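For the record, the sequence lines run as chains L and D. Sequential numbering from 512 applies to the first sequence in our numbering. Sequential numbering from 313 applies to the second sequence in our numbering.
Among the hints, erroneous ones may be present.
[To be verified] Using 30 Å as the maximum straight-line C-alpha spacing, the simulated DSS-like pairs for lysine-lysine come out as follows:
(1) D:Lys372 to L:Lys548
(2) L:Lys774 to L:Lys677
(3) L:Lys549 to L:Lys718
(4) D:Lys346 to D:Lys372
(5) L:Lys726 to L:Lys759
(6) D:Lys346 to L:Lys718
(7) L:Lys747 to L:Lys624
(8) L:Lys747 to L:Lys677
(9) L:Lys624 to L:Lys765
(10) L:Lys546 to L:Lys718
(11) L:Lys624 to L:Lys548
(12) L:Lys798 to L:Lys718
(13) L:Lys624 to L:Lys726
(14) L:Lys802 to L:Lys726
(15) D:Lys346 to L:Lys546
(16) D:Lys372 to L:Lys624
(17) L:Lys726 to L:Lys765
(18) D:Lys346 to L:Lys747
(19) L:Lys747 to D:Lys333
(20) D:Lys346 to L:Lys760
(21) L:Lys677 to D:Lys346
(22) L:Lys677 to L:Lys549
(23) L:Lys546 to D:Lys333
(24) L:Lys774 to L:Lys760
(25) L:Lys549 to D:Lys333
(26) L:Lys624 to L:Lys549
[Stated by the list, open to error] Label-pair ranges, simulated between beta-carbon atoms:
(27) D:Arg335 to L:Asn547: 32 to 40 Å
(28) L:Glu805 to D:Glu337: 51 to 59 Å
(29) L:Ser538 to D:Asp366: 22 to 30 Å
The hints are simulated quantities; they were obtained by calculation from the structure and are not laboratory data. Small disclaimer: the values here were computed from a predicted structure and weren't measured. Ideal placement from N, C-alpha and C gives every residue a C-beta, glycine not left out.
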Amino acid sequence: MAEHILDAHELDVDEIRIPRENWFESSETLQKLRKNKKFPTIWCAGCGNGIVMGSLIRAIEHLGLSNDEVALVSGIGCAGRMPVYMDFNTLHTNHGRALAFATGLKIARPDMKVIAIMGDGDALAIGGNHFIHAARRNIGITSIVINNAIYGMTGGQYSPTTPIGKQATTAPYGNIEPSFPLCELAIAAGATYVARSTVYHVLELDKYIEAAIRKDGFSLVEAVSYCHTTYGRLNKFGTAPEMMRDLKKNSISKAAYEKLSAKRQAGNSKIVRGVLHVNDEREEFTKLCRKLTEQAQGGGRQ
Amino acid sequence: MADAISVIQPPTVEIAPRQKKPRGEVIVFGNWCKGCGLCVEFCPTGVLALDEADHPVVVKPENCTGCHWCDTHCPDMAIVVRRIE
Numbered sequence: 512m513a514e515h516i517l518d519a520h521e522l523d524v525d526e527i528r529i530p531r532e533n534w535f536e537s538s539e540t541l542q543k544l545r546k547n548k549k550f551p552t553i554w555c556a557g558c559g560n561g562i563v564m565g566s567l568i569r570a571i572e573h574l575g576l577s578n579d580e581v582a583l584v585s586g587i588g589c590a591g592r593m594p595v596y597m598d599f600n601t602l603h604t605n606h607g608r609a610l611a612f613a614t615g616l617k618i619a620r621p622d623m624k625v626i627a628i629m630g631d632g633d634a635l636a637i638g639g640n641h642f643i644h645a646a647r648r649n650i651g652i653t654s655i656v657i658n659n660a661i662y663g664m665t666g667g668q669y670s671p672t673t674p675i676g677k678q679a680t681t682a683p684y685g686n687i688e689p690s691f692p693l694c695e696l697a698i699a700a701g702a703t704y705v706a707r708s709t710v711y712h713v714l715e716l717d718k719y720i721e722a723a724i725r726k727d728g729f730s731l732v733e734a735v736s737y738c739h740t741t742y743g744r745l746n747k748f749g750t751a752p753e754m755m756r757d758l759k760k761n762s763i764s765k766a767a768y769e770k771l772s773a774k775r776q777a778g779n780s781k782i783v784r785g786v787l788h789v790n791d792e793r794e795e796f797t798k799l800c801r802k803l804t805e806q807a808q809g810g811g812r813q
Numbered sequence: 313m314a315d316a317i318s319v320i321q322p323p324t325v326e327i328a329p330r331q332k333k334p335r336g337e338v339i340v341f342g343n344w345c346k347g348c349g350l351c352v353e354f355c356p357t358g359v360l361a362l363d364e365a366d367h368p369v370v371v372k373p374e375n376c377t378g379c380h381w382c383d384t385h386c387p388d389m390a391i392v393v394r395r396i397e
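Start from the sequences, fold in the hints, and give me the full structure.
Okay, here's the thing in structure tokens:
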């Protein structure tokens, strides 16, 4: 790195100074940010939340949706801060209740693309019931769960997705509870689109989020983005770039996973990335609801 | 007659000799950067480097291939890569 610094000084590179207002104009993605908010974001250096935010904006951009057609709903936690920075219709709700509020919003405005952004604790611990029932109901909400394997904002308590044996501030000798398989839970509960990727594979994430928004029923995209500050430091995983490299090393695409022998599949400890489940047969909740309303109104008073 | 000759002649389109030209321009917005070092660590051609204050600076702009790794992975949206045609 010392050579690089020397190189930098030989070239005498001045820090580029751009006025804040002009920076928002420099790319289409940045124009979707809320200009009156305080930047940089509150997240730690290298946090994957910002990467997922960029990915979500690019997906919406690619779909060609206008800002008013999209509603972002979030709960509490690091991930819950995300809609604050984006210039869409946003709803910042109670802890774990993002999907509850999103359900109400979707029923009131079925034409709107409702996206719920949650963390792993938000989706599975505090809002666990909302999560399975939204999937069971198959309501047209796109849920994005950022899985950082810990409660990052409150100081590193273990969450439902902390792997067995990993340390947290409330599990100083290692976690003894098995972790919740988020995607499998959603599939079992009846979600119609389930995909998983990591923040290292962000272009994959763009595609999955786009497909999830396009999908009519309940769709889930899990973005694995381990917390560097608490999870990484407690378990001695190193710096943000090192943990990013680990995500690359410790993940396997679904196609490669399916080629493994049954024995190796059973012993697999890597993150499986890909579209894990698609179901085109189930009907979406708000459509069923409208049908029922029409049927009831048509048959009642005439 | 000239047309007849041109049929057997090789195409007249000039193929420029292979030269290293930057295919992208990296712009770093220092005010938003928190210095996590992801862009420097993962840039495949070493365009960026960290300065003494742990902030990325563009040191080899001619190496940029416009792959968009840095601007898609920047958690603080502090990098924009413009493709140069």
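Status of the hints after comparison with the structure:
1. With a C-alpha separation of about 33 Å, the suggested pair lysine 372 (chain D) and lysine 548 (chain L) falls outside the 30 Å cut-off, and the hint is violated.
2. Restraint check: the Cα-Cα separation between lysine 774 (chain L) and lysine 677 (chain L) comes to about 25 Å, which is no more than 30 Å; the hinted pair holds.
3. Distance hint between lysine 549 (chain L) and lysine 718 (chain L) is fulfilled; the C-alpha atoms sit about 29 Å from each other, no more than 30 Å.
4. A hinted pair counts as satisfied when its Cα atoms are at most 30 Å apart, and lysine 346 (chain D) with lysine 372 (chain D) qualifies at roughly 21 Å.
5. A hinted pair counts as satisfied when its Cα atoms are at most 30 Å apart, and lysine 726 (chain L) with lysine 759 (chain L) qualifies at roughly 28 Å.
6. Between the alpha carbons of lysine 346 (chain D) and lysine 718 (chain L) the distance comes to roughly 27 Å, so the proposed pair stays at or under 30 Å and holds.
7. About 40 Å separates the Cα atoms of lysine 747 (chain L) and lysine 624 (chain L), which puts this hinted pair outside 30 Å; it is violated.
8. At roughly 10 Å between alpha-carbon atoms, lysine 747 (chain L) and lysine 677 (chain L) fall within 30 Å of each other, so this suggested pair holds.
9. In summary, the hint linking lysine 624 (chain L) to lysine 765 (chain L) is supported, as the alpha carbons are separated by about 28 Å, within the 30 Å threshold.
10. Proximity of lysine 546 (chain L) to lysine 718 (chain L) is assessed by CA-CA distance (about 26 Å); at most 30 Å being required, the pair is judged to hold.
11. Our distance criterion of 30 Å between C-alpha atoms is met by lysine 624 (chain L) and lysine 548 (chain L), whose separation comes to about 23 Å.
12. Between lysine 798 (chain L) and lysine 718 (chain L), the direct Cα distance comes to roughly 26 Å. Compliance with the 30 Å bound is thereby established for this hinted pair.
13. Distance hint between lysine 624 (chain L) and lysine 726 (chain L) is fulfilled; the C-alpha atoms sit about 10 Å from each other, no more than 30 Å.
14. Distance hint between lysine 802 (chain L) and lysine 726 (chain L) is fulfilled; the C-alpha atoms sit about 20 Å from each other, no more than 30 Å.
15. For the hint linking lysine 346 (chain D) to lysine 546 (chain L), the alpha-carbon distance of about 19 Å falls within 30 Å, and the restraint holds.
16. About 42 Å separates the Cα atoms of lysine 372 (chain D) and lysine 624 (chain L), which puts this hinted pair outside 30 Å; it is violated.
17. Annotation: proposed proximity of lysine 726 (chain L) to lysine 765 (chain L) holds, straight-line Cα distance about 20 Å (limit 30 Å).
18. Simply put, lysine 346 (chain D) and lysine 747 (chain L) have alpha-carbon atoms about 21 Å apart, close enough for the 30 Å limit, and the pair holds.
19. A distance of roughly 42 Å separates the Cα atoms of lysine 747 (chain L) and lysine 333 (chain D); the hinted pair therefore is violated under the 30 Å criterion.
20. Between lysine 346 (chain D) and lysine 760 (chain L) the alpha-carbon distance is near 25 Å, which keeps this suggested pair within the 30 Å criterion.
21. Among the hinted pairs, lysine 677 (chain L) with lysine 346 (chain D) is consistent with the structure: their alpha-carbon atoms are about 28 Å apart, no more than 30 Å.
22. For the hint linking lysine 677 (chain L) to lysine 549 (chain L), the alpha-carbon distance of about 35 Å lies beyond 30 Å, and the restraint is violated.
23. Between lysine 546 (chain L) and lysine 333 (chain D), the direct Cα distance comes to roughly 35 Å. Violation of the 30 Å bound is thereby established for this hinted pair.
24. Simply put, lysine 774 (chain L) and lysine 760 (chain L) have alpha-carbon atoms about 20 Å apart, close enough for the 30 Å limit, and the pair holds.
25. Of the supplied pair hints, the one linking lysine 549 (chain L) and lysine 333 (chain D) is violated, its CA atoms being roughly 38 Å apart against a limit of 30 Å.
26. At roughly 26 Å between alpha-carbon atoms, lysine 624 (chain L) and lysine 549 (chain L) fall within 30 Å of each other, so this suggested pair holds.
27. Checked against the hint of 32 to 40 Å, the pair arginine 335 (chain D) and asparagine 547 (chain L) passes, with Cβ atoms roughly 35 Å apart.
28. Between glutamate 805 (chain L) and glutamate 337 (chain D) the C-beta distance comes to about 56 Å, which sits within the given range of 51 to 59 Å.
29. Look at serine 538 (chain L) against aspartate 366 (chain D): about 24 Å separates their beta carbons, and that is inside 22 to 30 Å.
Checked against the numbered hints listed earlier, the structure breaks hints 1, 7, 16, 19, 22, 23 and 25; every other hint is satisfied.
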